[in-house]
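Novice: So the chains spell out like this:
Number of protein chains: 2
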Amino acid sequence: MKARVHVMLKNGVLDPQGEAVRHALGALGFDGVNGVRQGKVIELDLADGTSEADVTQMCEKLLANTVIESYSVEIG
Amino acid sequence: MKARVHVMLKNGVLDPQGEAVRHALGALGFDGVNGVRQGKVIELDLADGTSEADVTQMCEKLLANTVIESYSVEIG
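Quick mapping for you: the protein sequence lines, in order, are chains A and B.
Under the numbering used here, the very last position in the first sequence is 76; numbers go up by exactly one each time.
Under the numbering used here, the very last position in the second sequence is 76; numbers go up by exactly one each time.
Please note: incorrect hints may appear among the correct ones.
Copies of the same chain look alike in the list, so a pair counts if it works inside one copy or between any two.
Said to hold, decoys possible - Listed below are the simulated SDA-like cross-link pairs for lysine to any residue, each with C-alpha atoms no more than 20 Å apart in a straight line:
id : residue 1 : residue 2
1  : K10       : S51
2  : K40       : Q17
3  : K40       : D15
4  : K10       : I68
In short, the hints are calculated from the structure, not lab data.
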């Protein structure tokens, strides 16, 4: 089975990487980019029978820093 | 409008970051993790009227290195 985890900085946490992308898009002539947030996506190829709770545990213990990051899990 | 861009290394391109995550998950006792690929997710807050073609141009010119990375765009 496959699982996909999105890890994004929480709202209110400064995202310098996203800001850099926003500036660069403006410099390239793309108007109307009001904001950019950059995060991580982690695609897991898991043995059958792994539960969503297991993936949540992986996020809590390793994949996300829950102090500043939020995560979401998609199965399948 | 919002757009979300996923940027992943193409299949066959070595992903040391994903490999490191796979090893770390194993070391933490999570069995059955057969593979991990890590990529980027970029959330764009765009002015209304920006087309999907504009976002594709952003990917081609800045957000993805199309030699080694593939991207997908979700609008809305």
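Novice: Broken hints, numbered, in rising order?
Specialist: Result: hint 1 breaks, nothing else.
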